[in-house]
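Note that the protein sequences, when read in sequence, are chains A, B and C.
Just so we're aligned, residue 8 is where the first sequence starts under the working numbering, counting upward by one.
Just so we're aligned, residue 2 is where the second sequence starts under the working numbering, counting upward by one.
Just so we're aligned, residue 98 is where the third sequence starts under the working numbering, counting upward by one.
These aren't lab readings, by the way, just hints derived from the structure by calculation.
Only pairs whose alpha carbons sit at most 30 Å apart, straight line, appear in this in silico DSSO-like list of lysine-lysine:
hint	chain 1	residue 1	chain 2	residue 2
1	C	K216	B	K365
2	B	K85	A	K233
3	B	K365	A	K15
4	C	K216	A	K15
5	A	K101	A	K194
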Amino acid sequence: MMSSYLIKRFVSLFAVLLAMSLIVFCLQSLIPADPARAIAGPSAPVETVEAVRKELGLNDPLVVQYGRFLGQLLHGDLGTSVRTRQPVASDIAKYLPASLELACMAMIMGTAMALLLALLQNTTRGAGVLRMIMLAAGSTPIFLSALLLVYFVWFKLDLLPGSGRLSLRRFSGPTGFNVLDGLLVGKPEVSLDALQHLILPALALALPVAVAVGRSLNSSLHDVLKQTYIRTVRGKGLGEADIVVRHGLRNAASAPLAMIGLQIGLLFGNLLIVERVFSWPGLGLYVVQAFAVSDLPAVLGVSMVFGTFYILINMVIEILQSVADPRIRL
Amino acid sequence: MTEPVLSIRNLSVVLSRDGRSNRVLDGISFDAAHGEIIALVGESGSGKSTIGLALQGLLPRESQPQVSGSICLDGTEIVGASQKLLRGARRSLVRAVSQDPMSALDPTMTIARQMQESIDGPAPITDWLKRTGLHDPERIAASFPHLLSGGQRQRVLIAMAMMASPKLLIADEPTTALDVTIQAQILDLLRTLAREQQTAIVFVTHDLSVAASLADRVIVLYAGRIAEIGAIRNVIANPAHPYTAGLLSARFDFSSDRSRPLATLPIERGQRVDTGSACAYSWRCPLADGECRTVRPSLRSIDQHDGSTACHHPARTPLASRRDVAAPWPRPDILPTGVALELFNVSKSFASGTGPLWGKRQEKRVLQSVNLSIRRGECVALVGESGSGKSTILRIAAGLLAPSSGDVSRVDNVPPQVVFQDAVSALTPWLTIGEQIGERLRPLRLSAGERRERVGAALTMVGLDPALMTALPSELSGGQCQRAMVARAVVVPPKLLLCDEPISAMDVSLAATTLNLLGDLRRRLGMAMMFVTHDLAAARIIADRIAVLQNGELVEVGDVDAVIAAPQAAYTRRLIAAMPTLHLEPAHD
Amino acid sequence: MTDILESKPASTGRSGEWTALLRRIGVLEAIGMAGVLLITIIALLARWLTPFDPQLRVADAFLPPSATYLFGTDEIGRDLFSRAILGVQYTWLPGMAIIAFSLVLGTLVGLLAGALGGKIDMLVQRLIELFLVLPSTLIALAVVASLGPGLFNTMIAIAIFWWPWYARISRDEIRRLNSRPHVEAARVAGVRGPRLLLRYLLPGAIPSLLVAASLDVANVIMTMSLMSFLGLGQPAPAPELGAMTSRALDSLTVYWWLPILPAVLIFFMCLLSNLAGDGFRSVLRGA
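My request is simple: use the sequences and hints to build the entire structure.
Here you go:
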């Protein structure tokens with residue numbers, strides 16, 4: 008059952024990636040500016056432009072061009088960045104660890120906060136206040152929460168650093184995850200410093216995740232706790248906390264898991280803003296800088312990479328859902 | 002008699018919904034001895050389930066329950082007890098088996114782990130599963146609930162409750178969701194376990210015959226009060242309250258007279274009156290007088306039996322059940338030649354599961370070469386248990402499903418109409434009753450006035466006020482919805498009326514009323530009828546012939562009296578034997 | 098047969114139900130609904146509500162908020178409050194347009210797929226799934242980056258990824274209703290074709306769609322302001338709230354009101370529409 012599920016899933020993964028590459032390809036050919044003209048220079052004669060055009064294969068039919076584009080993709084060739092003059096793939100390799108570190112931290116914080124919020128709402132009396140807090144947090148645009156964190160926690164109170172990844176100028180480790188690398192190379196003070204830098208941007212990213220997942224978990228937990236089987240468990244004389252932990256959470260897991268998947272997609276978008284506000288040297292900042300100079304290959308390359316991550320993560324989530332509920336068969 | 006294990010004194014419960022509070026239980030008092038089985042009988046809304054919840058301290062918190070009086074369970078006071086104490090009581094004193102076994106087990110946990118939770122310390126899980134009559138306890142213990150049938154789940158739930166050796170077991174309609182044959186086995190199991198462990202059982206049911214087959218004593222509830230209490234045999238033999246008498250005369254079994262309409266209880270009409278100073282039943286009671294409407298009767302002992310009743314005139318009660326007997330039905334016009342429906346060699350399969358990536362999907366066969374014909378004006382009852390394929394046959398006959406193979410022929414240009422099981426969900430919530438009935442008149446191209454007239458006539462025919470035409474379904478009671486649905490089916494009388502378990506979710510008196518209505522309409526309008534049911538007694542009342550369906554195959558077709566008196570198929574015999582009746586077993590003290 | 102004519106239970110009638118429905122809305126939700134109305138009015142009349150010309154220098158640069166200049170002035174001395182009012186218009190009206198367009202398109206596509214079933218339904222389902230599995234914000238960003246920045250392009254990019262949500266809700270609701278007894282009963286009674294679709298199926302799907310759409314208003318506004326923050330909205334002189342924040346980012350520690358106050362306006366728009374959405378849901382779904 009599992010293997011046939013995986014085959015099915017990979018087939019559809021491939022289809023989705025193909026669709027995404029098609030979109031990216033179409034977008035590339037939508038650019039109003041003529042790339043051949045851009046390369047040859049504004050004053051070059053028509054013949055030169057035509058030669059460049061032929062060299063780039065721009066005269067070939069679109070299908071052929073798309074085939075070539077796919078071939079390049081398969082070889083990990085995402086084109087060359089207009090801004091950095093480097094292959095997009097190597098730029099991405101350089102900036103990816105910083106973004107992944109931030110995203111992972113944000114997801115961990117967000118999920119933990121969501122769990123806490125939902126449990127508090129279902130067990131304590133002050134659910135109304137909690138609901139207002141969640142509503143307010145859920146209505147805050149990501150740049151506002153990021154700005155407020157920078158302004159108060161860093162500028163006014165100076166509790167935590169508000170920009171960059173490290174206080175050190177130069178540091179590089181084997182994995183690119185600074186928190187991990189500090190420990191690996193035996194410099195725990197680096198890890199601590201990296202962690203301090205991580206907290207504010209990760210918190211800004213985690214807030215919308217916590218609210219959305221927390222809400223979804225709360226409402227599905229609320230529904231689950233009204234089910235007959237929970238009454239059976241109550242009839243056995245178990246305590247409320249036991250009931251929620253042992254019977255509630257697992258039964259309520261499906262919808263919030265799906266919400267986590269959805270939020271990861273939104274997180275990639277928010278990453279651009281948070282990295283911009285906190286000057287975090289990751290892919291987000293890279294894309295923001297690319298926007299500024301219309302560096303399309305860079306933007307599309309990063310979209311492709313994030314998109315692949317997103318689809319893979321959602322596959323994992325589907326598997327987790329079936330682990331949580333034995334009635335869902337893969 | 003020793004000290005009672007359960008002693009309820011003057012229990013009252015007020016529940017609130019949407020800010021309106023409602024007295025659900027009013028002054029309930031009774032005792033239960035060790036090992037005694039007490040049946041709580043009443044219609045929906047009588048408060049019988051609330052007693053069970055109050056006993057466990059599990060009244061829903063969102064309805065802000067206000068409880069007064071006393072529930073003393075093995076020396077522990079439940080009313081007003083702390084949460085901690087209530088948890089302790091639920092753990093060791095009182096357990097419950099619920100109405101719907103399909104949703105009463107946590108779907109994400111194995112049976113073994115759920116049973117383990119039931120008691121502290123190591124639990125002899127497989128032993129208990131075996132004691133409840135499950136054949137391969139190891140496999141069941143390791144399974145998740147969705148792999149078990151309803152009967153198996155109910156056994157698991159009973160094992161789970163009884164393994165904690167509670168002093169009291171609350172069984173809230175534990176068999177209504179199960180097939181008749183399973184139902185009898187589950188009742189047996191409960192009786193045996195209660196006797197072995199000396200557990201008292203409070204058995205909640207709407208069905209007096211189920212109560213009779215199990216209980217020692219019966220409490221009849223009406224509108225949150227005890228109408229009558231006594232030893233079950235005595236109450237059935239000599240009911241002292243007119244309501245009990247009415248329930249008894251409205252219920253039907255194999256001995257009921259099928260040549261005339263069934264006796265029914267008057268249906269509750271109009272708004273609920275504040276009955277603080279009156280007998281709650283006086284608004285339905287055929288014997289009520291001025292005293293009944295002004296003075297609330299208290300529970301007192303009587304001459305009929307050793308129990309007591311809350312009625313001013315228990316001596317007059319026999320008059321209630323001996324009401325004027327209805328005139329016999331006219332003979333139905335069954336045309337010997339015409340055929341209203343013919344199913345020839347009909348089979349049906351459904352795709353099941355997702356199947357592997359490549360290759361054919363698995364198929365599940367639900368009907369196996371069914372041959373059945375219904376003559377014009379004839380009523381055939383299709384009897385079978387859940388999963389037998391009886392609803393599939395109805396849907397094929399209605400044209401809602403196409404058979405996988407075989408032929409269906411209907412000799413009529415008016416397509417057959419259907420009376421659905423759940424009337425409330427068979428009416429579109431945002432359209433008025435009149436609009437929905439009027440849909441069937443559209444092909445006739447009537448003027449608006451004529452159409453209104455026809456709709457009104459149809460409503461009158463099923464016993465509804467024509468003014469209800471402008472009402473939305475949500476403004477009607479369940480019984481009224483059903484009548485409206487019947488009106489839609491007969492506003493242009495079809496040659497064939499298909500009824501899909503129309504009485505399965507009903508209280509006895511409403512069920513009898515519905516059978517009378519359908520029996521009357523089919524004779525008056527000359528309709529043939531297919532009546533799908535799991536209830537052989539109902540089939541016997543309404544039908545001319547019975548067709549018994551087992552696992553998608555017709556195992557027996559014959560005239561009603563012949564099938565009931567001398568069943569040919571083994572399966573039919575089993576169905577008949579499993580029917581609960583009021584014939585009481587010899588006393589077992 | 099018996100002659101009992103059962104009549105209407107003495108109910109409160111339909112107007113009574115309406116007041117009961119309205120009573121179900123909480124105080125906060127009512128404030129939200131009133132707020133949404135107010136925002137819409139402000140957005141429609143923005144041009145006449147600005148105290149100063151939003152495009153002209155009216156005072157010294159970097160004045161802090163005061164009674165005259167409610168939000169202070171920006172780097173060239175324009176009144177920030179007047180610009181923010183116009184910014185509300187630039188955010189709210191396009192947001193509403195995106196929701197309305199997606200809702201209508203999604204409902205129609207879902208209705209057709211759900212009602213026709215078979216191959217068409219399969220095809221539409223696959224298409225919807227594809228849209229929903231793609232990382233929409235990212236691709237919307239890429240689309241705008243490729244088409245070139247601008248309000249209209251932003252709207253198109255967002256709407257492309259928004260309608261499939263409604264198509265899915267609409268399609269699923271129609272399928273669900275299609276197998277409900279009351280639709281089956283209507284079919285048995287001889288109702289067919291468009292009449293079945295419009296009278297028996299669509300009205301059942303509309304509440305869920307409206308609830309989803311009303312709860313989505315805040316999401317659309319967030320997405321739009323995100324794009325505007327990244328410089329993908331209307332180019333420079335246009336007073337978009339996200340862009341105002343982003344352009345003043347570096348002056349946060351000196352002139353805090355420049356980046357913060359426009360963002361606070363977005364916050365209020367989202368908060369009010371979330372509250373209104375909750376109120377809407379309790380009206381349509383029954384708490």
